[in-house]
Amino acid sequence: MVVLNKELMTIVREVDVIPFRNRLKEHAVKIGMGLVNQTKIITAASELARNMLKYAKGGKVTLEVISTGRENGIRLTFKDQGPGIANIPMAMKDGYSTAKSLGLGLPGTKRLVSEFNIESEVGKGTTVTVIKWKNG
Amino acid sequence: MKNEAIRILQKKNKAILESWMKFQLLDEGLREDLMSNDDLRSQSEELLSALTSNLNDNNIEDAKSMGFEQVNDILASVSISRAKQGFSPRETGNYIFSLKNALLEILQQEIKDPQELYMQSIKIGKLIDSFSIDTFETFLRGREDVILRQTDEITEISTPVIQVWDGILALPIIGTLDSARTQVVMENLLQKIVETGSSIAILDISGVPAVDSLVAQHLIKTVSATRLMGAECIISGIRPEIAQTVVHLGIDLSNILTKSTLASALKTAFTMLQLQVTRKNVTNLN
Chain S
0 MVVLNKELMT
10 IVREVDVIPF
20 RNRLKEHAVK
30 IGMGLVNQTK
40 IITAASELAR
50 NMLKYAKGGK
60 VTLEVISTGR
70 ENGIRLTFKD
80 QGPGIANIPM
90 AMKDGYSTAK
100 SLGLGLPGTK
110 RLVSEFNIES
120 EVGKGTTVTV
130 IKWKNG
Chain E
0 MKNEAIRILQ
10 KKNKAILESW
20 MKFQLLDEGL
30 REDLMSNDDL
40 RSQSEELLSA
50 LTSNLNDNNI
60 EDAKSMGFEQ
70 VNDILASVSI
80 SRAKQGFSPR
90 ETGNYIFSLK
100 NALLEILQQE
110 IKDPQELYMQ
120 SIKIGKLIDS
130 FSIDTFETFL
140 RGREDVILRQ
150 TDEITEISTP
160 VIQVWDGILA
170 LPIIGTLDSA
180 RTQVVMENLL
190 QKIVETGSSI
200 AILDISGVPA
210 VDSLVAQHLI
220 KTVSATRLMG
230 AECIISGIRP
240 EIAQTVVHLG
250 IDLSNILTKS
260 TLASALKTAF
270 TMLQLQVTRK
280 NVTNLN
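Line order of the protein sequences matches chains S and E. Here numbering that gives the first Met the number 0 is used: the first residue of the first sequence is 0, the next is one more, and so on. Here numbering that gives the first Met the number 0 is used: the first residue of the second sequence is 0, the next is one more, and so on.
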């Protein structure tokens, strides 16, 4: 897998999500991603960015354009130093929320992207990596 | 013993002002369109006299000392007003840097001993530099104030509630729906429902770039609140890609009346109010 383009963005306020989403859209358009997949990755990204803001008071996102030769895609890595998630399987369940939201953020995001990976340590922070292939 | 340089600067106040004005007027970036030369001169005079009269041996190396309060105040008001008038940072920077040039020029003319001249120049240079940094900070703050005010204005104007028909309100939402915005939208909408006695509200989300679970939650809340007021809420402007994304996210909007376009939402609203739109029969008129 080759990384074609890499960008690091910091998200600490709700307004930071907007430029991030715009950059993401630019890259998605550039690799020729269809409108539906664009919307999916953008929604997933905004979901994860919001989670980061809500639970960890912000964090960093790495935005990468990746290629396997046959297919191009976008990889996003959300890294925060928040409280971490104690029970990941529970957090991945539909309708589970510790903050009175819809509880669809993590499970919904997983359904929107091609590949989803979450690592978390209580007290240290959480890292979520998602990949959306152009035609995935 | 009073510092030689300070004595010179205080004595040569007028010469400095002339030389400073000369530097400023020579500068290509002079903005006569934003500020007249008379204003510029009186502003410069005020600043210079505040600087030289407050200058003494103790504070020449400390721009933050008590003696310079007046100078800092003037600088702050100058840079804030310049930020608001639309001066560029370079133009504001040149204003204060040309003062440094003027001061150094006078020192050069008056002090003959090279070592002394060097020492004094460094001191004055340092002092003016730290004033410049303050000026920049204030300038940026002035700009940020402008941005904040604009942000407020945008939130204010971006949520208009339109009465499209007797009893039907429409609310086009453009941009991202965050918590603060939803609050404004909800307030405006509920208030307008009371004012107009409307029974149907159409929320158009064609201009919302992405609907994630938080946006959906905000929409659901708005719809529930509208229903509590006894009005029905229709969400329109759901684009195909948004529909697919919402389904994948697992958001249940089935309890909410949704339409793909504002036109079809309006049609539904007419049906609900038992209104009918018919084409005029032209032949009958003749």
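Since the hints were derived computationally from the structure, they do not count as laboratory data. Treat the hints with caution; some may be incorrect.
Pairs of lysine-lysine, BS3-like flavour, derived with a Cα cap of 30 Å [unchecked claim]:
no., chain 1, residue 1, chain 2, residue 2
1, S, Lys92, E, Lys220
2, S, Lys109, S, Lys59
3, E, Lys21, E, Lys11
4, S, Lys59, S, Lys29
5, E, Lys21, E, Lys122
6, S, Lys123, S, Lys5
7, S, Lys133, S, Lys29
8, E, Lys122, S, Lys56
9, E, Lys125, E, Lys99
10, E, Lys220, S, Lys53
11, S, Lys99, S, Lys133
12, S, Lys24, E, Lys13
13, E, Lys111, S, Lys99
14, S, Lys109, E, Lys220
15, S, Lys78, S, Lys56
16, E, Lys258, S, Lys109
17, S, Lys24, E, Lys220
18, E, Lys13, E, Lys99
19, S, Lys99, E, Lys258
20, E, Lys11, E, Lys99
21, S, Lys99, E, Lys191
Of the hints stated earlier, which fail here?
Numbers 8, 11, 12, 13 - these are the hints that the structure violates, sorted from lowest upward.
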